[in-house]
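Trainee: Dock chains B, C and D against chain A, hints included.
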Amino acid sequence: MKRNIAMVALPAAAAAAAALLADDFVLRFLAEILLFGIAVMSLDILIGFGGLMSLGHAALFGGAAYAAAIAARQWGGDVALVLGSGIATGMVLAALMGVVVLRSGHLFLLILTLLMGQMVWEVAFHWREVTGGADGLRGLPALSLGPWTLSTARALFLLAALLAAVAFVVGRSFVAAPIGRALVGTREEPIRMAALGYSLFAVRFRALVLAGALAGAAGALFPFVNLYVGPQSVHWTQSAAMVIMLVIGGIGSLWGAFIGSAVYLGIQTYLSAYTDRWQLCVGLVFVLTVLLLPNGIASGLRILRDRLRRRGA
Amino acid sequence: MTAILELRGVGKRFGAFSALRDVAFDVGERETVGLIGPNGAGKTTLFNVITGFLRPDEGSIRLAGQSIDGMAPAQRVARGLARTFQTAMVFPGLTARENIAMAVRQHAGDGLRWFGGARAASAAAEIAVRLLGDAGLAHRAETPLRDMSHGERRIVDALMSLALSPRLLLLDEPTAGLTRAESDRLLGILRRNHADTALLLVAHDIDIVFGHCDRVVVMELGRVIGSGTPAEVREDAEVRRAYLGSTGG
Amino acid sequence: MPNATDHEGRASSASARAAASAAATRRLLLVGATAGALAPLATPALAQARPLRIGMVTSLSGPFAALGESMRAGMRLLLAQSGERFADRPVELIVEDDQARPDDGVRKARKLIGQDRVDLLCGVIHSGVALALRDVVTEAQMPTFLLGSANDLARKAVSPYILRPTKTNWMLGSTAARRSHETHPGARVVTAASDYAAGREFVGDFVQTYQEFGGRIGRQFWTPLGSADFGPLLTAIAAERPDSVYVFFAGSDAVRFLRQWKEYRLAGRIRLTGTGACFDQEDVLPAVGDAALGAVNTFHQSPTAPASAAFVEAYRTSGKGLPGEFSTTGYACGQVLRAATERTGGDPTDWARTRQALFDAPVDTAFGRMPFDPRNGQAILDIHVHEVRSAPGGVINTVVHTYPQLRDPGPNA
Amino acid sequence: MPDFLGYAAIQTLNALSFSALLLLNGLGLSVVLSLMNFVNLAHGSFFLMGSYVAIFWLGTGAPWWLAFPAAFLAAGLAGALLERFPFRHFYARPHLMQVLLTYGLSLIFADLMRWGIGAQILLPELPGALQGVVFILDMPFPVFRLFLIAAGVALGLLLWLLLDRTIWGAVLRAAVTDRGIVETLGIDTRRVFTVVLVLSAGLGGLSGALGAGMLAAYPGLDEEVLLLALVTVVVGGLGSFGGTVAGALVVGFALTFSKVWFPEFANLAAFAALALLLLLRPAGLVAPPLRRL
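Protein chains in written order, with numbering that gives the first Met the number 0: chain A, 0 to 312; chain B, 0 to 248; chain C, 0 to 412; chain D, 0 to 292.
Source of the hints: derived by calculation from the structure; they are not laboratory data.
Do not take every clue at face value.
Claimed, not checked - SDA-like cross-link-like pairs, simulated, lysine to any residue; straight-line CA separation at most 20 Å: (1) C:261 <-> D:135; (2) C:261 <-> D:157; (3) C:155 <-> A:132; (4) C:319 <-> D:55; (5) C:319 <-> C:395; (6) C:261 <-> D:125; (7) C:261 <-> D:139; (8) C:155 <-> A:138; (9) C:261 <-> D:128; (10) C:261 <-> D:126; (11) C:261 <-> D:170.
The shape of chain A in the complex, shown without the other chains (with noise of 0.2 Å):
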C-alpha cells in the first residue's frame, strides 16, 4: 500500500514541480519526451511481452498525429477531437497492419511492420492535397478544453503529464489482466497457447490496437508542441528510433520506456551542441546497455534499489 501511494505521488510531485519551476523550452522537452515515452510504452507491450518486434510503430504515432491535425485544421483544436480522432486513427492503422502482419513472426514480421510502415510514409509524403507532402502540415490550431485554450507549454506539459498517467495505467492494467499474461504466454510458448485453445491471432490483435490506441493518443498530442507535422514523424527511422529508447529504458517495465525517452532524446538535444559525434554516442549507449543492462536502465535501477534496501535491513 505504502508503496502505492508512492508511485502515485513521487510522479505527481515531480510533475508539479517541473511545471512550476521550469522554463518554456523545458517544459516542452519535457511534453515531448513524455509523448514519446508514451508511444515507446505501446510499444514495449508489443516488444517486451508479446515478443512482436515491429519497425513500423511510427506509422500508427505519426498516422495518429496526421489524422489530429487534419481534424484541428478542419474543425477546432477541441482535445476530445484532437484525442479522438488520433486514437481512433491508431487503433484503425493497427488493425490494418495486424491483419497483414500477425500471420508471420521474426523477421518476417519485422520487414512486414517495416513495409506497411513505409507504406504509411509514401502516402503521407505523396498526398500533398491532404498531408502537405514533403513540407508537412502548418498552421494548426492551439488546443483547446471547452473555453480554455491549452497554447503555452506548461498547459501542453499537464495534459502530456496527465495523458502519460493515464496511458501507463491502461498499459499496467492491459498487461496484468488474463489477455496481458495470454500475451505473455504467446511470447514464450505459441504452440502451447495454441493447444490451450488460445487463438494467437486474437490476443496478438489485440495488443497491436491497444498498442495502436495509446501511440495514437500520444501522436495525436504531438504535432500540438511544435503546431507542426511532418513525414518524418512516419519514417521507419522514427521507429528505428523507438526502438533504441525501448532497449535503452528497459524491456518489458513498461515505465523504462520514459527513462529511454529521456535519455535518448536528451543525448539528441544537449550533446549535439558539444559535438558532432553524438550518433556515436546513442549508437554506444545503446550497445553498451544491449550488452551489459539486457533489460534496460529499468532493470539497472531495479537491481541498484534491491541492492540499496538489502544494506538498509
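Mentor: Using the frame of chain A, we list chains B, C and D on its own:
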C-alpha cells in the same frame, strides 16, 4: 458405447513420404486407448492431425459426433480436445500457478479478458493452486517452471491440459524420462481426474500401456496394423512381429 | 579524393577548437543564467560588452549532413576573417543539428531561443524545417535569417521576423525556362525530378514559365527521393527522344543520376539542363567529374562569378575545394549578419531598426549585390547561367550569362 | 516494334543488374542467417566499408581489379574481429537481442566512418574497360552493368559450389545441425563459425565494392542497403540459397518495373507488391522444410 473420437481414412504425406495411410479407429467416451508402434510409425503426426496442428491430405475426423475437419487448434480445444506434447511444453518464465491459471482462464472463457480481469484472474489462480495441491505440488506454486525438475514440469504440463476439463485428452509420451515413482504419480493424477475424460495415450513403456489401457491400437509405417484389448493385441501375430518382437526380443 | 586525409586532419583540428570554444560558451552561460535575470535593468553599454550570440540550426546528420557542414564552414570562415567580432563586438556562434527533421529543428530552435538566449537566429537547409521554424520564430518574435528556399517562405509564409539572404526555388526554375527558350526556342523538353516539395517547385516553375514562352513540354518523370537505380528512368528518357531534359536531383540522387546519365550515353545526345543544386560545385561535381560536362544550370551561387572571387579564394586556402551553394550561403549569411550589426552600431536586436537598415541599402555578399525586398524580406539576387566546363583538376560551373537582380513575385504571386 | 523490343530488353537488363547487386549483398546476410541462425543488421556497414575501400583503392592507381579482393579482405577482417567480440556471445541469444546488438553496432560504425571519411559523396574511378557501352537493339546499355550481372552470377555459383558441393560445405552444414557430433570428429566448430562470418562480411564488402559504381558511397548508404538486403532475404524465405536468388530477382524486378510502369508511385507499388507476396507466402518464396512439433 458412443465414440468421442472417430477417425476415418486419415492420410498425410510429406513430399513422397506417406506419414499416415488410411488410419481409422474410434475412441469411446471415458475410454483409455493406448497407441503404440515403433519410431516413425506416425503416432505424433496422427496427434498433430487430430489436434489441428497439421492438415490431413485425406480422411475425416469427428469429435463427439461432429466433424472437426478444417478447424483451427483453438476451436478443437473449445470442443473438448486437449493434448500434451512429447517434450513438456510449458511457459518456462512463468510460475507453476501462472502456467495452470493460463489454462483455467481460457477454459472459463476469461482468457482474453481485460476489464474485470482481476476477479477472473484471482478465481483462476485459486483453481490452479488447488490443482497443484491435489498433485502434491502446492509448495512449488510460486516457482518459475524453468527452475523445476523434468518430472515436475511434466506434471504441470498434464495439469494444464486437465484444467481444460477435456472430453478427450491426447497424451504424447507422458512418462518419457520420468522415474518409476514420478510415472506412477503422474498416472495417478490422470486417473483421479479422468472420470469424464477419454484418454488417447502414446507411450514406449509397454507395461504402462498394457496395464492402464482399455484398448490398444498398434501402428507401423503410418498404418494401423492391429487393435483390441491388451490381451488380444498381445496375441496378434502381426503385432508381435512388427513391434513386440522387435522391442521385447 | 587525393587530399582526403589531409583535409580531414585540418577539419578535425578545427572541430576540436570549435568544441573547446563551445565548452567555454557553456561555462559563460552558467554565469549568464543569473545575469540574464537582471538583463532588463542593464544599460545599453552593458549590452555592448556582452558578446553577440548567433544561433545556427542546420543539418549536421541525416541526408543533408554534407551541406550542413558546408554551411557551418562558410559561416565560420567569415567569423574567422572578421576576427570573431562584428562592429567590434565579440561574436559567439552556437550551431545546432536538426537532422533534416522538422520536429528536431524546432526543438533545437526553441533551445537556442529559450536557453541559449541567442540574439539572432539563422540557418536551415530542409524546407520542411524552414516552414516549421517560421511559425516558432514568429511567435517568439525572434530575428531570423532563414536559408531554406521554399517559394512559400517569400509568399504565403512571409513573416516580419524573417529575412532571407538566399534564393527562392522560383528564381532558378523560371530562369532556366527563360534561358532554354532564348537559346533553343521550340525545343521539346521533358522533365525529371525527385518527387518532393523542392522538385515539384523547381519543375512546376520551369514548366509554367516555359509554356508561357510557348515552349513544348513532353513527359514529366518523378522518382522517389533516394533512388538507388536510375537505369529505368534513363532508359525511359532515351526512349522519349526529347531535345532536352530539365532535371532536379540533390545530393546522392544527383551523383547517381549524372554518373548513370553518362553510362547510358545520353551525354551528348540529349541536352541536359537543371537547377544548380544538381550540379553543386562542392557536393556533386567533384564526385561525378566529366559526367556533367556540357550541362547547363541556373544558380545564384557561382564559383566563377566576379562577386564571389574573394570568397572562393579564401575558402580554397582554408583547405577546402571549390565552394558550393551552402558554404557560400553560410558565408553570405554571415556577411549579412555582419552588415546588420555594423549598420546598427553593434546592437542588431532592435529588429525594426535592423530590418530598415538592411532594406535601406544592399549588402555586398559572395552572392553579389544583395538588396532586400521590403514586401517579404526576400533577397534580390543575380541568377547565373552556368555551363559545366573542364578546368585544371576537375570540372567547374562557368558563368555564360547572368540575369541580374531577380525579384521573387512575392506575397501577391 | 523494334523500338519497343529494345526498350523492354534494356529495362529487363536494368532489373537484372539491380538484382545481381541485391543478390551479392543478400547472400552475405543470408549465409549467416541460414547457417548460423544469426541476424546481422551491421551487414550494411560491411557494404559501405567495402565501397570506401574500393573507391580509395581505385583512386591510388593500383591494378583496378585488386580493389575487389581488397574490399573482401578488409570487410572480412572486420567481420573476424566482430565475431570474436561481441557476436560470438549472441549466437545462442534470441533473434530480438541479436537484432538490437547488431543494429546498435551499425549506428556506431556509421558514425565512425562518417568521422573518418567525411560526409561527402564519393564515386569510384572505374577503369576504361568497364566504362564502355553496348548497343542492344539500338538502345545503349553500360558495360559496367553487364559486369555486375556476370559478377552476381559467378559469385552466386561459386558460393553454391562451395557450400553445397564441397566437403567443407558439408562440415559447415553439419556443424550447424549438430554441433556436438561435429566436435567429436575433432573439428573446432567455433572456427567454423568464424569462417562463416568472415565469408559473410567479405561478401558484404565485395558487394559494396561492386555496388559503389552504381550507388556511390556516402553516410546513410549502409542503412539503405541493409534494408534492401533484409527485404531480399526475407522475401526469398529465410535461410536458403535458392530463396535468396529468388528474392533478389523478385525485389529487383519489382523495384525496377514499378519505376517503369508507375514512376510516381514506384515505392508504394513495389512495397505493396512485396507485402502482398509475403501475405500469400508468409514463410517467403522458398520456405524451409516444415519443423516437427
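Trainee: Taking the hints in turn, state whether each one holds.
Mentor: Evaluated hints:
1. Among the hinted pairs, residue 261 of chain C with residue 135 of chain D is consistent with the structure: their alpha-carbon atoms are about 17 Å apart, no more than 20 Å.
2. Between residue 261 of chain C and residue 157 of chain D, the direct Cα distance comes to roughly 32 Å. Violation of the 20 Å bound is thereby established for this hinted pair.
3. The hinted pair formed by residue 155 of chain C and residue 132 of chain A meets the criterion: a straight-line CA distance of about 17 Å does not exceed 20 Å.
4. Restraint check for residue 319 of chain C and residue 55 of chain D: satisfied, since their Cα atoms lie roughly 19 Å apart, inside the 20 Å limit.
5. Taking the CA atoms of residue 319 of chain C and residue 395 of chain C, the gap is about 15 Å. The hint holds against a cut of 20 Å.
6. At most 20 Å may separate the alpha-carbon atoms for a hinted pair to count; residue 261 of chain C and residue 125 of chain D meet this at roughly 13 Å.
7. With a C-alpha separation of about 11 Å, the suggested pair residue 261 of chain C and residue 139 of chain D falls inside the 20 Å cut-off, and the hint holds.
8. Only pairs whose Cα atoms come within 20 Å are accepted, and residue 155 of chain C paired with residue 138 of chain A is accepted, the gap being roughly 11 Å.
9. Only pairs whose Cα atoms come within 20 Å are accepted, and residue 261 of chain C paired with residue 128 of chain D is accepted, the gap being roughly 15 Å.
10. Note on residue 261 of chain C and residue 126 of chain D: the hinted pairing holds, with a Cα-Cα distance of about 15 Å set against a maximum of 20 Å.
11. Between residue 261 of chain C and residue 170 of chain D, the direct Cα distance comes to roughly 47 Å. Violation of the 20 Å bound is thereby established for this hinted pair.
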